[in-house]
Amino acid sequence: MSITATLIGQLITFAILVWFIGKYLWVPMTRMMDDRKKRIADGLAAAERGIHEQELAEQKAAQHIKEAKEQAAEILAQAQKRAAEIIDEAKIDAKTEGERLITAANAEIEQEVNRAKETLRAQVVDITVAAAGKIIKKEIDAKAHGELLQDVVGQI
Amino acid sequence: MSSSIANEANDLTAVEYIQHHLHNNSIGDGGFWVINLDTLFYSWLLAGVLMYIAWKMGKSMTADTPSGGQNVLEAIVEFVQQQIKDIFPGSNPLIGPLALTIFMWVFLMNAMDLLPVDLLPSLGQLVGIHYMRVVPTTDLSTTFALAISVFALIIFYNIKIKGPIGYLKMFLFHPFGKYLIPVNIIMTSIEEIAKPVSLGLRLFGNMFAGELIFMLIALLGGASLLGLLPQIALGTVWAIFHILVISLQAFIFMLLTIVYLGLAHQDMEEEH
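Line by line, the protein sequences are chains A and B. For the first sequence, the residue numbers in my numbering are 1 to 156. For the second sequence, the residue numbers in my numbering are 1001 to 1272.
Treat the hints loosely; a few may be bogus.
As the list claims (entries may be wrong) - Label-pair ranges, simulated between beta-carbon atoms:
1) A:58 - B:1243: 54 to 62 Å
2) A:62 - B:1067: 43 to 51 Å
3) A:8 - B:1072: 29 to 37 Å
4) A:67 - B:1082: 48 to 56 Å
5) B:1252 - A:59: 55 to 63 Å
6) B:1067 - A:41: 21 to 29 Å
7) A:8 - B:1238: 32 to 40 Å
8) A:58 - B:1067: 39 to 47 Å
Said to hold, decoys possible - Listed below are several chain A residues computed to face chain B (Cβ distance under 7 Å; list not exhaustive):
9) 5
10) 6
11) 10
12) 14
13) 18
14) 24
15) 36
Everything labelled a hint here was simulated from the structure, so no lab data went into it. This one's a predicted model, so the numbers in the text were calculated from it and none came from an experiment. Ideal Cβ placement from N, Cα and C applies to all residues, glycine included.
Make the full structure from the sequences, and use the hints.
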């Protein structure tokens, strides 16, 4: 029960054992565990990132939908506006056309009236000449009194 | 079970039985130059077991699907790593393997104590080996081999980190400042030398006492048939308690190694 030369053997054994366990167990195992830790951390970070990206995508999608809705509403409004414009244009066209037709009709009527007046005048001259001839029993020379007659007719 | 020698060889008294059990199987001519074959054999056997496990595990381990054995080793390694992280300042590539080796080797050597005290010596007698002590840590040579290794590392890292002059300053000006240099030298020397001595003696004392109590318990059944019952009862209780002791001693040795080397790694300027 004392310290003996066994100590030297134990010292060497211990040194070899420390070296061996360090080389074959501690170093590879701690490295492996560190790698695994890192991988787990990376995986968790990736999952986190995925969730974040999904959120972003959802936001983007919502944004897109909102924009699409806005565009649709805009297009609808434009279409309605355009429709109203078309209707207005049609109304204006119709009105112009109507006015034009009325004007044309009026002009025609006037023309007809003038023509009727002319006809009437000619007939009045004829009738007047015939009536005057009967009254004075004398033939009135249409050529001789033409000027006078024209004056009379002009006054009618 | 454990008292076969006492029963078979009735000429052995209790004292002789214990003396027989405390006798190393050694070669050499006394004094320092003695080799305890049994101590070396069992410590080498256990070192071999450790090396085999380490080599096999180091080769077959996978990160994704750890097997049962790998999980156990990982738990131990992680436990040791945590202790180092908590106590040890900075990093040192040696401290991890050192602490792990101390923990596992000391634990295994201590665990030899849990075998029935007479089992292996009796088997040895059958093949003509008369003396055998199966617990290497009940041999001062083993515990002091570990303690001296740690002590050498303490000095080495003290000089490496603090520098020779810084290490000398620690002896001169610690703990009382520059006006009590002689006292400081004595105090610090005692402090430093107490480290390996306490390390080695604590482990030795615990394991030696545990072994001795196992022997005393074994003697109970040898004394009379009536003693068989208390032998079984006490043996069971003491063995269960001893599971705690062997783990605790291995843990304490590892922890103090980390603490001492941690102190060696601290700069004096940081300390104050």
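Quiz prompt | Restraint check, 7 Å cut-off on beta carbons, for residue 24 of chain A near chain B | solution = holds (4 Å)
Self-check item: residue 8 of chain A versus residue 1238 of chain B beta-carbon gap, inside 32 to 40 Å or not
Solution: holds (34 Å)
Self-check item: Assessment of proposed distance window 21 to 29 Å (beta carbons of residue 1067 of chain B, residue 41 of chain A)
Solution: With Cβ atoms ~24 Å apart, the hint holds.
Exercise. Go ahead and decide if the range 48 to 56 Å is satisfied by the Cβ distance of residue 67 of chain A to residue 1082 of chain B.
Key: Roughly 55 Å apart at Cβ, these two residues keep to the hinted range, so it holds.
Quiz item: Was the hint right that residue 18 of chain A lines chain B, CB cutoff 7 Å?
Solution: With a minimum Cβ separation of about 5 Å from chain B (threshold 7 Å), the hint on residue 18 of chain A holds.
Self-check item: Hint check for residue 1243 of chain B and residue 58 of chain A - Cβ pair distance inside 54 to 62 Å
Solution: Hint holds: Cβ distance 58 Å, inside 54 to 62 Å.
Quiz item: Is the hinted range of 39 to 47 Å satisfied by the C-beta distance from residue 58 of chain A to residue 1067 of chain B?
Solution: Given range 39 to 47 Å: holds, Cβ gap about 43 Å.
Quiz item: Do the numbers back the hint for residue 14 of chain A, that is, is its least Cβ distance to chain B under 7 Å?
Solution: It holds, given that the least Cβ distance between residue 14 of chain A and chain B is near 5 Å, below 7 Å.
Exercise. Double-check residue 10 of chain A for me: the hint is only fine if its C-beta lies closer than 7 Å to a C-beta in chain B.
Key: holds (3 Å)
Quiz item: If you take the shortest Cβ to Cβ gap from residue 6 of chain A to chain B, is it below 7 Å?
Solution: This hint holds: residue 6 of chain A lies near chain B, its Cβ roughly 4 Å from the closest one there, short of 7 Å.
Self-check item: Range hint 29 to 37 Å (beta carbons of residue 8 of chain A and residue 1072 of chain B) holds or violated
Solution: holds (33 Å)
Practice problem: Please verify that hint: residue 36 of chain A, Cβ, nearest Cβ of chain B, below 7 Å or not. | Solution: Nearest chain B Cβ about 5 Å off; hint holds.
The structure is consistent with each of the numbered hints, conforming to all of them.
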